[in-house]
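Just so you know, this note's numbering puts the end of the sequence shown at 135, numbered straight through with nothing missing.
Calculated from the structure, these hints are not laboratory results. A hint or two may mislead.
[Said to hold, decoys possible] DSBU-like mimics (lysine-lysine), calculated; alpha carbons at most 30 Å apart, straight line: (1) K52 <-> K71; (2) K28 <-> K52; (3) K71 <-> K28.
[To be verified] Pair ranges (Cβ atoms, derived): (4) L113 <-> M32: 20 to 26 Å; (5) T133 <-> P58: 42 to 48 Å; (6) M32 <-> T133: 34 to 40 Å.
Values in this document were obtained by computation on a predicted structure and should not be read as measured data. Yeah, the Cβ is synthetic: ideal placement off N, Cα and C, and Gly gets one too.
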Amino acid sequence: MQIPEICKNESMPIYEQVAAEIRRAISDGEAKQGERLPPAIDLADILGVNKNTVIRALHILRDEGLLDFTRGRGVRVVGTPQQSAVLVRINELLDYARQQGYRRDELMQLIETVP
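Using the sequences and the hints, build the whole thing.
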């Protein structure tokens with residue numbers, strides 16, 4: 021997986037840059053579904069960032085449905101960028117619905133009424 025050096029002077033937080041580069045690698049097919057990613061410490065060395073920064077980025081991608089963490093198997097690519105984009109939008113909708121006072125089950129009922 022080819023990941024360019026992260027720009028520490030950019031306005032985007034470093035962990036988001038790391039997540040974006042891994043997302044790009046998955047999208048471009050450099051990291052395919054089912055493949056394991058290098059350990060966080062190795063990615064941190066390659067990128068010239070702290071290991072905790074990489075771990076934070078990996079957690080974001082896990083929450084988006086792109087990665088899976090399994091003890092003994094490492095971090096694997098399990099999703100596609102398209103799935104990730106949909107999951108991000110779903111989470112945004114859930115957050116918005118909570119802010120408006122709707123529970124998850126109420127939101128699901130609303131969605132089911134949409135033709």
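Range agreement (Cβ of P58 with Cβ of T133, hint 42 to 48 Å): holds (46 Å)
M32 paired with T133, Cβ distance criterion 34 to 40 Å: At 39 Å between Cβs, range holds.
Restraint status (C-alpha distance of K28 to K52 at most 30 Å): Judged against 30 Å, a Cα distance of about 28 Å means the pair holds.
30 Å Cα cutoff - pair K71, K28: holds (15 Å)
L113 paired with M32, Cβ distance criterion 20 to 26 Å: holds (24 Å)
Distance restraint between K52 and K71, which requires alpha-carbon spacing of 30 Å or less: Since the Cα atoms of K52 and K71 sit roughly 23 Å apart, the hinted pair holds (cutoff 30 Å).
Violated hints: none; the structure is consistent with every hint.
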